[in-house]
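Quick note on the UniProt record's numbering: the first sequence kicks off at 1 and runs consecutively.
There may be inaccurate statements among the hints.
[Unchecked claim] Pairwise CB distance ranges (calculated):
1) T438 x W575: 51 to 57 Å
2) I157 x E510: 15 to 21 Å
3) G44 x E742: 26 to 32 Å
These are computed hints drawn from the structure, not numbers from a lab. Where is the CB? At the ideal position from N, CA and C, for every residue including glycine.
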Amino acid sequence: MDYQFKEIEKKWQEFWAQNQTFKAEQNTSKPKFYVLDMFPYPSGAGLHVGHPLGYIASDIFSRYKRLKGFNVLHPMGYDSFGLPAEQYAIQTGQHPAITTEANINTYRRQLDQIGFSFDWSREVRTSEAGYYKWTQWIFMQLFNSWYNLETGRAEDITTLIEKFNASGSADVKAVCDEDTKVFLPSDWATMSPEEKQKELLKYRMTYLKESTVNWCPALGTVLANDEVKDGFSERGGYPVEQKKMMQWSMRISAYAERLLQGLNTIDWPEPVKEMQRNWIGKSVGASVKFNIEKTAENAGVPANYIEVFTTRVDTIFGVSYLVLAPEHELVAGLTSPEQKEAVEGYIAQTKKKSELDRMADTKTVSGAFTGSYVVNPVSGERIPLWIADYVLAGYGTGAVMGVPSGDQRDWAFATHFQLPIVQVLDAQQNLELQADPTKEGKYVNSGLINGMNYQEAINFLNQWLEDKQAGKAKINYRMRDAIFGRQRYWGEPIPVYFKDGLPYLIKEEELPLLLPEIDKYLPTETGEPPLGRAEGWNYEDKYEYELSTMPGWAGSSWYWYRYMDARNQEEFASWEAIEYWKDVDLYIGGAEHATGHLLYSRFWNKFLKDLGYVQEEEPFKKLINQGMIQGRSNFVYRVIDEQGRGTNTLVSHGLRGNYKTSALHVDVNIVENEVLNIPKFKLFRPEFKDAEFILENGKYLCGVEVEKMSKSKFNVVNPDVLIENYGADTLRMYEMFLGPLEQSKPWNTNGIEGVFKFLRKFWRLFHNEAWEFNVTDTIPHKTELKALHKIIKKVQDDIERFSFNTSVSSFMIAVNELTELKCKNRQVLEDLVIVLSSYAPHICEELWMLLGHDAGTLSYAAYPVFNPAYLVEDEFSYPVSVNGKTRLNLNLSLALEAKEIEEAVLADEQVQKYLEGKTPKKVIVVKGRIVNLVV
RNA sequence: GCUCAGAUGGUGGAACUGGUAGACACGCAGGACUUAAAAUCCUGUGACCUUAAAAGUCGUGCGGGUUCGAUUCCCGCUCUGAGUACCA
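Construct the entire structure; sequences and hints are all you get.
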């Protein structure tokens, strides 16, 4: 029979499902291998052709690893809490659980059609109570923990209480809030339970804090920094404003250094690591205290000094002013009456500027003098105190020392306001033109450190400042604690209730705290989150629950552990399962998660490790980012008449220059190789059913542009259509054939025929002219074995380095060669089936069975062993070049040594012709590669 | 501005360690089969010049360099894409 992909694919997909062929067992006799895809949010639009790209690659890898004798865990699930389902619920009243379920069913149907070897018995859905019970449980562990800087890890909060009992707060070294109290054990003993609770909250890994948040009124929620792009929400593009709010936060900053160091131990793409490094933003420097010069006017200020962070403490003698962020809390108190108007005017002006303006406008220098002065702790000099919006309240201490000679922004500021520019290093040049940030040379004009070099000065000053209690060496991180909550319905409820304004956890045995039913999915009339609508939803009938829900990243920050033991009712995953599977060996997903999901997951993983629940410091050993599939839009060109009106005439792409035209999107599914299918076009756009077409070479050619894949651009290609026409095996191979996995590329269906033809040709190898199955049991010929072993080696090399596109080409070459050789040999074809099976599993299963094997045994067959002996050649066609230009090829025995090759080449008549009688100055012979004659 | 990735025929791409650039596929052209079309099969296909054929010249974004030899290594530049943005 001809290649009947529809029947074959249906048959084997059913077989795999019924026989649970890919169910992973905890098998200690085989080495484990964990291949994970970033699980999808099941959106209403279903899968387009870009989604499965990474899944196909990971599936090929999983199937290949099984053939190589590994016990492979390859699961799939859904990140099913999220905003789109809730937006839809607001519009339609439909419960998000229902739409989510429907979307998941669509996804599942589409995924099943592609023939993935997922172990569906381990499926997870983050929105199911059986799953989010454990997300809530992890939240509880975070609430019950603090970060001990002495042991360098998170610990149970009871160890902190023990310290308070034994020795008070003095020698506690913790990552905590800034306003922690200093107390003795006796003070702690006399505190009320509420006071204790309040104090402990300042240490917990998750805690409540009043913070300025990115509030998005249109979405009715708070967004994380990485969900905001240029002042607009990433999803939906709504405006975002700053608002103060009580929020749950996660002390991810405690892990800043470990998150940074861990990057050196994992095999991830360098750009992703770099993005995480930037996000963490470590800078090494010093904090320095500048005492405030007290006057009658600023006497009321509740601070004696202003602390700044600097990475260039060595330039402290060049400080000519200090700047506070306009939002800094001390600004009002430090403004003198004379400057009041200027300062307040400046603050008002800053507030008016949107985030966007402030970023775009980095050239203009602005600021205002407060009228107060501070004292340089090292030089004793009197320094004016300014405010300016180039200083950010959220970074460091919100205060900066201005060193015009070493920092370009400071230089611009000083030049603009005519403040002194003091040279501090003899190597600094052209200070009248710009700042010179060099660290070379010896210090000048720098009192104590004159004559020192950079490193000496840094060491000396850090020590000096510490001795005088005026500062110290300090490491600063840009990364802030992560806000953990949103004012939304469709998320995990936070397992917390409030008593007298203080948060308490519910009991562990009360988990899961179920998401209550509400009448509509909007904030309450009083502006509370939607959960405020749930009637009678109180803890023990009297205490109010936390009304915000967890953010999108909660459920995805630990899901890879759940797959290890997905049905466990007692634990998030058993110790035995975690000990066996340990970590993810290969993780494939999009680069857009570089600073969100991947950072939060590493954070929770480290936390769970500190508490002894998991084994590995890093969860994802190897990461691959698949490239984005962009849309490829097609256009038709409508002729515009003199009045500027559109006519009923459409002109082909190549001739459009002769007319005035406007381009219209046309559905890419009715265009093949840029040729428009005119009858289908008339159905697609009924207003053009009588249109005239100006053709070139009898065809209407469309224009092409690369854009985002979206419905409105008519460039969405649905995998279902391709599977219908060509089958899943063709789709799988074509997606790989498109180019390197990690490269972004526009989707283009033009070449898919070639892959389909290849599979037919492959099928035909096993059949005679009448399409009857026909293989022979003869002894394979040398040439056949050579073709086979070439592909055995090529595919294993390619898969190990994630170069899937090159394998597809090599399969084509192998099948072309074997067809040429009229190979019908069972032994050769059987091995070829195994080698191809990870790419095109359905056709291979069918042929495997026709070859006489038990159904389904192919998935666990052994990958053929490569034998280099079959590739050994005895002759090689040496390219002979003269002065680097290839002139001819000479067939020579590979047994010849360099000297003999040289002789043979020089003896050749044709070579002599090119030498024109001259003797070569030099002859380069690389055995088995090339001969080059230098004349 | 900074960081990273990239630039190869009409198109997607290959060339893995410096050794025959353009594999494989699409498209296109010509042919076979067919009443015809589709499907299938065969041949050709980087550009230029010339030809009956051969030969020749140029050619991996641009300009240099190292080398017997560079798509590959080094220096400078242009362009495209992604990320990031007053981080002290």
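Here is what the structure says about each hint:
1. T438 x W575: 51 to 57 Å: holds, 56 Å
2. I157 x E510: 15 to 21 Å: holds, 19 Å
3. G44 x E742: 26 to 32 Å: Cβ of G44 to Cβ of E742: about 29 Å, so the range 26 to 32 Å holds.
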